[in-house]
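Take the sequences, apply the hints, and build the full model.
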Amino acid sequence: MTSAVSDEMLLALADGELEKATADALHARVMAEPELAERFALFVESRALLEDAGSSDQAVPPHLLAAIRAADGARPGRHGLAVIEGGATLAAPAPAVSPRSLPRRTGWQLPLAACLALLIGGIAGYRIGSETPGNPGPSGVALFQSARAALDAALGSSASGSTTSWSHGAAGGSITLVSSHRLGDGTLCREYTLAGAAQGDDRWKGIDCRIKGRWRTELVIAAPSSEDGYRPASGDSAADAFLQDRNAEGPLAPAAEAELLKALAQPKR
Amino acid sequence: MDIVQLHMTASTGPKAAPAGAGPPLSAFASELVALLPRLRRFALSLTRSASEADDLAQATCERALKAQALWQPGTRLDAWLFRIARNLWIDSLRKRRSEGQSEALEDHLDLAGEDGRHVGDVALTVDSVQQALGAMPSAHRELLMMVCVDGKSYREASQQLSIPLGTVMSRLSRARQGLAAKLGMDKTS
Numbered sequence: 001m002t003s004a005v006s007d008e009m010l011l012a013l014a015d016g017e018l019e020k021a022t023a024d025a026l027h028a029r030v031m032a033e034p035e036l037a038e039r040f041a042l043f044v045e046s047r048a049l050l051e052d053a054g055s056s057d058q059a060v061p062p063h064l065l066a067a068i069r070a071a072d073g074a075r076p077g078r079h080g081l082a083v084i085e086g087g088a089t090l091a092a093p094a095p096a097v098s099p100r101s102l103p104r105r106t107g108w109q110l111p112l113a114a115c116l117a118l119l120i121g122g123i124a125g126y127r128i129g130s131e132t133p134g135n136p137g138p139s140g141v142a143l144f145q146s147a148r149a150a151l152d153a154a155l156g157s158s159a160s161g162s163t164t165s166w167s168h169g170a171a172g173g174s175i176t177l178v179s180s181h182r183l184g185d186g187t188l189c190r191e192y193t194l195a196g197a198a199q200g201d202d203r204w205k206g207i208d209c210r211i212k213g214r215w216r217t218e219l220v221i222a223a224p225s226s227e228d229g230y231r232p233a234s235g236d237s238a239a240d241a242f243l244q245d246r247n248a249e250g251p252l253a254p255a256a257e258a259e260l261l262k263a264l265a266q267p268k269r
Numbered sequence: 001m002d003i004v005q006l007h008m009t010a011s012t013g014p015k016a017a018p019a020g021a022g023p024p025l026s027a028f029a030s031e032l033v034a035l036l037p038r039l040r041r042f043a044l045s046l047t048r049s050a051s052e053a054d055d056l057a058q059a060t061c062e063r064a065l066k067a068q069a070l071w072q073p074g075t076r077l078d079a080w081l082f083r084i085a086r087n088l089w090i091d092s093l094r095k096r097r098s099e100g101q102s103e104a105l106e107d108h109l110d111l112a113g114e115d116g117r118h119v120g121d122v123a124l125t126v127d128s129v130q131q132a133l134g135a136m137p138s139a140h141r142e143l144l145m146m147v148c149v150d151g152k153s154y155r156e157a158s159q160q161l162s163i164p165l166g167t168v169m170s171r172l173s174r175a176r177q178g179l180a181a182k183l184g185m186d187k188t189s
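Protein chains in written order, with this note's numbering: chain A, 1 to 269; chain B, 1 to 189.
Hints were generated in silico from the structure; no laboratory data involved. Careful, some of the hints might be misleading.
[Claimed, not checked] Just a sample of chain A residues kept apart from chain B, beta carbon distances all over 12 Å, derived:
{"no.": "1", "residue": "T164"}
{"no.": "2", "residue": "D185"}
{"no.": "3", "residue": "N247"}
[Stated by the list, open to error] Selected chain B positions facing chain A (in silico; Cβ < 8 Å):
{"no.": "4", "residue": "F82"}
{"no.": "5", "residue": "M169"}
{"no.": "6", "residue": "L179"}
[Said to hold, decoys possible] Taking lysine to aspartate or glutamate pairs in the DMTMM-like style, the calculated list, with each CA pair at most 20 Å apart, reads:
{"no.": "7", "chain 1": "B", "residue 1": "K95", "chain 2": "A", "residue 2": "E38"}
{"no.": "8", "chain 1": "B", "residue 1": "K152", "chain 2": "A", "residue 2": "E19"}
{"no.": "9", "chain 1": "B", "residue 1": "K95", "chain 2": "B", "residue 2": "D78"}
{"no.": "10", "chain 1": "A", "residue 1": "K20", "chain 2": "B", "residue 2": "E52"}
Every value quoted in this text rests on a predicted model; they were computed, and no experiment measured them. Here a beta-carbon is modelled for each residue, glycine too, at the ideal position from N, C-alpha and C.
As structure tokens, then:
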């Protein structure tokens, strides 16, 4: 069976018009001869493009969905977590991925480690057991996601005591920088409050630290929603405990803070 | 006072996840999932094997997710996926032939496509297929619609158009090649 294969035969194979035995034999030959496969694939492809997009509702096997989910989650900058943990570099649009630079895979699944890294690398997870009656719920998380870019900008440039507004789509609110701290290991951390303008938006007290060139949220605490101003950091036991636990030396003086922010603004890397 | 570990709640994104547990998919991945039935059928037509078709569909989705920055928004994602799948498949056949050790498609698929060829340069706008159809002879267009869109068999088309079966096949073959050429699909990867 080494004779030339006609376009009509490849077409009929692509359209499922051949008897099974004939189709199997021809397909085996197609598989063995990439030149035939290219001609054959063209017929399959042209049909697929014409087909009614809504014509197929067949179920998809769970393992395929799981694989997509894994590949989706392993992509830096696309995971829901990345926005919160990431800071400016991850909140920015995903960089163009060059297939040339992609690592070779050894199996179908992307490494589980890539997913785990997102979790472990994220939040330092400070917790005071008896003082954790609840969590912020979706609204708080959404608020931090929406405000991420503005938060990064404010953390990197605004002096403590200043309030800036933020907006993201329909959402908006304010960010008030409270204080700056240097941890025992030299890490710069900033305490702030984040508020949403919409009704029902809570106020949150947060601490972000500068880790590996970007701001990472280390602590989030629901703040009293009263508008009578923020209380100084010293009045906030959880934030204080977080900072003391990390050997922070106390709020930085305005001049020292300005110096550090100036250094941050220098081109990195 | 509420103190939270964000990673406990961060998965509560605004976008609802499709069926299945876990964090919500990205918008791009959700579109992939929506196209999966068609992608699987496309892969099944190429491979004639359910398991190889799923392998191919999965590899295609993973490739597409990694290279999503190369997809041009506003163009047909399905066409882009088909092109990736086609390139992956053909490359796997080439490797299978040149290496020859394994009959498993998966072994060859996995090695394929590190040079970027697989991520297609096919960027079809939504109406490009309609334009291509409009530019071809009406007899070709008619037959294309009958077979590819309406799903008629060659025999049905032959009867309906009162032309011999052989003419149906030769005309349909030319029509499909003409369509592929107009859409820039006929260039080999």
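Here's how the hints hold up against the structure:
1. The Cβ of A/T164 sits about 22 Å from the closest Cβ of chain B, beyond the 12 Å cut-off, so the non-interface label holds.
2. Here A/D185 stays apart from chain B, with its beta-carbon at least about 21 Å from theirs, past the 12 Å limit.
3. With a closest Cβ-Cβ approach of about 20 Å to chain B, A/N247 is found to remain outside the 12 Å limit, as its non-interface label requires.
4. For B/F82, the shortest C-beta to C-beta distance to chain A is roughly 5 Å, which falls under 8 Å, so the interface hint holds.
5. This hint holds: B/M169 has a C-beta 4 Å from the nearest C-beta of chain A, less than the 8 Å allowed.
6. A distance limit of 8 Å between C-beta atoms decides the matter here; for B/L179 the minimum to chain A is near 5 Å, and the interface restraint holds.
7. Straight-line distance between C-alpha atoms of B/K95 and A/E38 comes to about 14 Å, which keeps the hinted pair within the 20 Å bound.
8. As the CA atoms of B/K152 and A/E19 are separated by approximately 17 Å, the hinted pair is consistent with the 20 Å bound.
9. Distance check on the hinted pair: B/K95 and B/D78 sit about 26 Å apart at the alpha-carbon level, beyond 20 Å; violated.
10. Restraint check for A/K20 and B/E52: satisfied, since their Cα atoms lie roughly 18 Å apart, inside the 20 Å limit.
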